[in-house]
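Chains as they are written, first to last, in this note's numbering: chain U, 1 to 318; chain G, 1001 to 1318; chain X, 2001 to 2318; chain P, 3001 to 3318; chain C, 4001 to 4318; chain F, 5001 to 5318.
Just so you know, these hints were derived from the structure itself, not from any lab. Each hint should be verified, as a subset may be incorrect.
Some, not all, of what chain C presents toward chain X, calculated at C-beta under 8 Å [claimed, not checked]:
(1) D4046
(2) G4047
(3) S4050
(4) G4054
(5) R4056
(6) P4097
(7) F4176
(8) Y4196
(9) V4220
Computed from a predicted model, the values in this text were never measured in an experiment. A virtual CB, placed ideally from N, CA and C, is assigned to each residue, including glycine.
6 protein chains.
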Amino acid sequence: MPVAHPLGALDATRVPRFAGPGTFARIPRIDEVADYDIAVLGLPFDGAVSYRPGARFGPMGVRQASRNLRPRFHVEYDVAPLEMLQVVDAGDVACTPFSIDAALQQIGDHARDIVGDSNRRIVAIGGDHSVTYPMLREARRKHGPMALIHFDAHLDTWDTYFDAPTTHGTFLRRAFEEGLLTEERSMHLGIRGPIYDRMDLVDDARFGFKTLRAGDLDTVGLDGAADAMRQRVSDLPVYISIDIDVLDPAFAPGTGTPEMGGMTSRELLHLLRRLDGLNIIGADVVEVAPAYDHAEITSLAAATVAFDLITLMVKSPI
Amino acid sequence: MPVAHPLGALDATRVPRFAGPGTFARIPRIDEVADYDIAVLGLPFDGAVSYRPGARFGPMGVRQASRNLRPRFHVEYDVAPLEMLQVVDAGDVACTPFSIDAALQQIGDHARDIVGDSNRRIVAIGGDHSVTYPMLREARRKHGPMALIHFDAHLDTWDTYFDAPTTHGTFLRRAFEEGLLTEERSMHLGIRGPIYDRMDLVDDARFGFKTLRAGDLDTVGLDGAADAMRQRVSDLPVYISIDIDVLDPAFAPGTGTPEMGGMTSRELLHLLRRLDGLNIIGADVVEVAPAYDHAEITSLAAATVAFDLITLMVKSPI
Amino acid sequence: MPVAHPLGALDATRVPRFAGPGTFARIPRIDEVADYDIAVLGLPFDGAVSYRPGARFGPMGVRQASRNLRPRFHVEYDVAPLEMLQVVDAGDVACTPFSIDAALQQIGDHARDIVGDSNRRIVAIGGDHSVTYPMLREARRKHGPMALIHFDAHLDTWDTYFDAPTTHGTFLRRAFEEGLLTEERSMHLGIRGPIYDRMDLVDDARFGFKTLRAGDLDTVGLDGAADAMRQRVSDLPVYISIDIDVLDPAFAPGTGTPEMGGMTSRELLHLLRRLDGLNIIGADVVEVAPAYDHAEITSLAAATVAFDLITLMVKSPI
Amino acid sequence: MPVAHPLGALDATRVPRFAGPGTFARIPRIDEVADYDIAVLGLPFDGAVSYRPGARFGPMGVRQASRNLRPRFHVEYDVAPLEMLQVVDAGDVACTPFSIDAALQQIGDHARDIVGDSNRRIVAIGGDHSVTYPMLREARRKHGPMALIHFDAHLDTWDTYFDAPTTHGTFLRRAFEEGLLTEERSMHLGIRGPIYDRMDLVDDARFGFKTLRAGDLDTVGLDGAADAMRQRVSDLPVYISIDIDVLDPAFAPGTGTPEMGGMTSRELLHLLRRLDGLNIIGADVVEVAPAYDHAEITSLAAATVAFDLITLMVKSPI
Amino acid sequence: MPVAHPLGALDATRVPRFAGPGTFARIPRIDEVADYDIAVLGLPFDGAVSYRPGARFGPMGVRQASRNLRPRFHVEYDVAPLEMLQVVDAGDVACTPFSIDAALQQIGDHARDIVGDSNRRIVAIGGDHSVTYPMLREARRKHGPMALIHFDAHLDTWDTYFDAPTTHGTFLRRAFEEGLLTEERSMHLGIRGPIYDRMDLVDDARFGFKTLRAGDLDTVGLDGAADAMRQRVSDLPVYISIDIDVLDPAFAPGTGTPEMGGMTSRELLHLLRRLDGLNIIGADVVEVAPAYDHAEITSLAAATVAFDLITLMVKSPI
Amino acid sequence: MPVAHPLGALDATRVPRFAGPGTFARIPRIDEVADYDIAVLGLPFDGAVSYRPGARFGPMGVRQASRNLRPRFHVEYDVAPLEMLQVVDAGDVACTPFSIDAALQQIGDHARDIVGDSNRRIVAIGGDHSVTYPMLREARRKHGPMALIHFDAHLDTWDTYFDAPTTHGTFLRRAFEEGLLTEERSMHLGIRGPIYDRMDLVDDARFGFKTLRAGDLDTVGLDGAADAMRQRVSDLPVYISIDIDVLDPAFAPGTGTPEMGGMTSRELLHLLRRLDGLNIIGADVVEVAPAYDHAEITSLAAATVAFDLITLMVKSPI
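From just these sequences and the hints, can you work out the full model?
If you want it as structure tokens, here you go:
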């Protein structure tokens, strides 16, 4: 049952947006409310990246850019999300930068502490994409196998890299092998670029993913893509994971493995808004590496998307 | 009556574009000609911004980037604008950085000095968006109430902010209250993002604005948007105000309140070019904050747009 | 006859992409193989630019960004290009920075040394656009007059600039006068912006170019543009020259004469992929100026495009 | 009486420095402790600057860079400052960006609320230099007229600018006129560059300032400068105000009015450390404008200096 | 005879420094006064550089940064230079970017036009260092052979590079061969780094240069260096040429061939100020490449130095 | 016995420095010569950093900046180092980014392969500082325990961090525990800033380090520091390790844990040059993180220092 009178974001007419607390969109901290429905959780880990590191500063960068949001009334969704449910900033998971396995364990444990046996949901902010793995596990603990809507330039279903089973490019294969995902109900959107091996595509299909490549948007259109997503997911519990590199590097330069030819930010927002009403049990936005950003445009895109994910959750109560 | 033999821009085959005078597109200074038809006027004021300041350097940045223009023959408009009318760079208004009211007064006075009782028109370069307010007043003095085509990510019709009646987010409410705008003939294009209050939309409609949100472009298309603009304005005198943040941050990072999901630069140029032939009495491009720009892409976009505005004026003699 | 067992790119599962040799996409150096089919050749010359210099660092920048590529299996073309033909990095031409004529001569001589009387082809990486001139000459020596597909914001068919006959804005007029191009079979794509003189368009048409302006994409669509290219070229030998400024400055800020309103990177990739099967005898990507880039997005776009050009050549054996 | 067991900074062996709360140096928030001795207070106001704005983001930038500090044991001062007194982050004053007078009033009121009739002291983080004015007033309320050690490239004792009496370049004249400063006991350090008028020096001397210009360091040496400071102040209550532009632009590019030929960061730290034991009643570091910074070097310098100021206060209990 | 009542710089209390004309330090244009004593002249040529180009934008960058100067009363020199002599901004020489010889000829011709048979002097702003060559020639025409005080990281007396006799690294050998310099009376300051050949030092000494390497400052001290300069020059006519790369890259990143271990900006200013009273007949500051600058620190250093050069000239009337 | 006729660096009068192979200073690759004396080896690992990652791109960045060097005759050392011994670029160690232990093992193995039982020496380019650990081990294998000259802002003798025994802040404690270092003969230079615990200093002294803090340079002077180094080391075999953060952030912004108040680049070069003649058995420069650099100033500093280290080795044959 949602909180009756949620505590919303700081009033920008009283405290300028460039001042005041540094929580996501200046919403309350987790310790400022008695209970909450949705927690924004930072996952500052980037030990599993194969190219540019730096996503450990992602939560910090996204929170800072989120100061520019006006998180009261969301016109596209026709809702004031922070008046409907209690949303809080749960801070960061304090995970080691030195071990992939240990860090993902710490993230999973922390997520479990937040959710417990409640209906609380988490919008996670990465961190490299490996952090999605423990979040999927935690979601499965609560909701069973799920569909996954995966916005990304890359499949992330490769096998191993330097003998490491779980990296930001392999975690989805691990997730499939572990039974976290319902078969034939997940979807990649925005995939592009050459790959290491032709077999990668075969394997990926075997793991039950349908793929809409970035270039396909020019043929099926935004509505075609949106319809495909909704059909794929139907009324299953669904987790939404957004690697910010799904956007073209022009829109998201601040990321670890940029790939030419991606989505525009307007396309991504359009597709997200077509997920309205699905049964969303968890979500994240990952791979923001502020050291490569400029004028905070990547962090702002991620913050905007994170607020859309919150709004989508508000509109699909569980 | 236009000047018979206008003095055009410096010849790039004699003086390299990276050399020579720093006027807009290297056109003549106001004191180099006996009379003129169109004046480019810098409004270096940014005391009314709510987030990132820096638009005080906008006129300087836009002029510098305008060196890269080739302002002779405008293919899309099939005209050599600087051969048709005398266009000059009128320099900057010397306004105080310390008081919104005083600065806007100085801007209005300076604009009045330029126009007097002639048919001269001004293409202004901001500065934050509050500088449009005195320009609208001056246009009304000459032409009576007008239609407004307003490209922006934000409505700018909010009420007050920290007790200040006139800021870059509220000046259009003030303009409406003051009777500067013909009722039901103005239009916002490119609006997007969440807002402070659901009532903001209601108020905005009450002030006579029609709104085409950025995402609407994906449904009505460029032609639909252009037709809507032309219908809205018809043959009324019209002022065109372009907040550079109407562009997505990828295209215009150098601005004060960037908003994800905006127009592409090609869309903006397309829409502007569909205004050909309207009765344009004044225009501006504002909110360029060079400190957040890179490789001058924002300033170059604003300079390009300013040259289009000049060309539109040339094609609608008054 | 292609090499039987080409030596491919370094394995990213053994040597991280941020390590190892700095050749294009970590393919072999020219001296590591007995023979080869396609050579990537750096042309680090920028002495013929009219605005921002810096493309002398283009080959270095593009090679560095090409580390991020995964050049094994090219999904869009359904081919593993480096397994089909032997592709090598031929290094840079050591050309003087102090004389246009001498440098272009050195480039032409070096290209001739590479090709000789073999069927080897070159994908050149500029440098400013003047470097295309000696490459066209070398291509004509082998294949006779050719069609040209020219992606660019600018026509490059202007006459002279400061008495210099061959610059990055005039070389195509020189190429036409010299009989390098088959009449009426070449095409510009992505042209935009004002120009110096109305006659420039007349001259350009006289030189046998058909032009698809950037804004035309919004009316004819990607398929219309692709069809026009293929019809124009038919089965003629064709050279593909890509000035990276064909992209909008948001996608390619790191260039010498940026122009607002260009193509998106996805549009460029789409058009390139529609050239599949044409008789491609040479190609280049030019005008990358890393000093104006950020987060390597321009260099990465150029590297991606260069790999597509290689793949197109692989699919059109000569 | 200092707090018995102060709550220190977050343990960097448990929570990585790039994670966790965004308070200054990750010390406790003001609401997390019952009482405190020293408060770090953000003053995000930049409406009184004459050149580059942006210091409104100073408190945010300094806090972010302060994550990199290791604020346990201060070797140069041989003390663990956070174990001696309770230091807290008091957040930001919520002041209007639109009116100098109103904002300075809000800052003064907030400072008074913090200090009340206790012995609490404040280390303020600007903000432009005008914010020092209300802090001096508040210090005088408690301690009477004081000496001022003023590190700055500029005198800040000019009269008016655009009719505004209180700006970042004039506030010290106002402070003198108001009797906040003990006569003949204050000192400027680091002054340099040409000035508007020869009389500015005469006036400044009349207001009781002794000046050590940046270039004087090469003749009197660090020890000579330090001795001069200590003699000037003696055992008077002293306020230390550090405009970050006292550093050369190489060390502090992120500021509003940079001036060539300044101090090195090591010189500034050396001089600060020679203030050990003085009777310090208040302090600030101002004029950090992050938009002009790179790699956070200016913000890090300011954060380091702020921690030194805290340590100096700890060593001079009042 | 100096002008009786010189026209000074724009009043910063009436027109904010970020507004108004873009002349150097906002002094008058050359066409605004009847006659003048000192002309600031832009030499936007960079066709003779061996590494990073971009100094063609040097004059533009230095003028822009010079807005931040307060050019009234120069405390260190105890003089109001603009009240003593008429100083003007003479704009840029319109020289071709495509030919070293032609460009240097154009520069020399333009300088001669300015000076004629008057006593006017020029402070030139480069451009790469080759532009000093025609300025030395023009100075010799008027004053005969001269001493040269040369601040630089590099000797610039190398022989040829790619067969080009005159480049930014060889022009001083040419100047010596041509008899422009008095034998044994010139001096390099700030030289550092490895060189191409041991013989370079021998040759350089043969050309009559004395060298004070950057590291020597740590042994002879600033006063020792200043004394050496004054002794070397004595009462000869002297030209002062400052390659901004004499500063360490920390102080001047925006240059073409940076070299670790250079002077600090305070050291350079100190040495310049010790030239007070010498018989200065010409001066320049060169090699500012704004594309590599950040926060305008290099341009500001060059602008500050240029104003010191003007002041030095004012204090040594000829 | 050194190679008789070493192959030197590419001739910059034939191949411009911005062209040609990307080896360090354009020296030969390891496979281009039969044998060699000194190998430059890249160690692209940054998995052991506690704050900003990115040093995995250090070797790439340093090699790129090294193009600007003129590595023929080293004036300060009066030697042409590349004519005395054969120096090669040995490329990068291909180490995993995902495991500290595995990566350090790979680095050690690779170093052993290079050295074998020859007298070859290595100048390593990091990578984070943990990479020094296997290099010390390899040096001990050949030469027994050694003295260490350690330039750094931090002690790097902390114990553990998140349970990881070997990180960039702890490896020197491990090295001491393992007996790699001769007791009481090592020295830290440039240490500064607060620390985690007062005991850190006690421990560090126990491990046999003498410390010269950055601020001590202002009292003992450069000569005092140099004398202390030479006395400490005497004729022992010595390893020189340079963390680039020993420089102030103004000189080296591109690093992972910048610390205000460091050395200038001239001071560092001065101190290095005083090591001339010591018995240098190995050396490295580490912690260059190019993502935080600008204009390559940090990479250029590291490249310059690496060339000095090579020269020092050349002058101390073993």
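Can the hint on G4047 (chain C) be confirmed by a CB-to-CB distance to chain X that is less than 8 Å?
Holds, because the Cβ-Cβ distance from G4047 (chain C) to chain X comes to roughly 7 Å (cut-off 8 Å).
Can the hint on S4050 (chain C) be confirmed by a CB-to-CB distance to chain X that is less than 8 Å?
At about 7 Å, which falls below the 8 Å cut-off, the nearest Cβ of chain X leaves the hint on S4050 (chain C) intact, so it holds.
Can the hint on D4046 (chain C) be confirmed by a CB-to-CB distance to chain X that is less than 8 Å?
holds, 7 Å
Once the shortest beta carbon distance from R4056 (chain C) to chain X is found, is it less than 8 Å?
holds, 7 Å
Taking 8 Å as the limit, does the beta-carbon of Y4196 (chain C) come near enough to a beta-carbon in chain X?
violated, 16 Å
Under the criterion of a CB-CB separation shorter than 8 Å, is F4176 (chain C) in contact with chain X as hinted?
violated, 21 Å
Does P4097 (chain C) hold up as a contact with chain X if the rule is Cβ-Cβ below 8 Å?
holds, 7 Å
Have a go at the V4220 (chain C) hint: is there a Cβ in chain X nearer than 8 Å to its own Cβ?
violated, 37 Å
Measuring from the C-beta of G4054 (chain C) to each C-beta in chain X, is the shortest one below 8 Å?
OK, holds: G4054 (chain C) within 8 Å of chain X, min 6 Å.
Violated hints, in rising order: 7, 8 and 9; the structure is consistent with all others.
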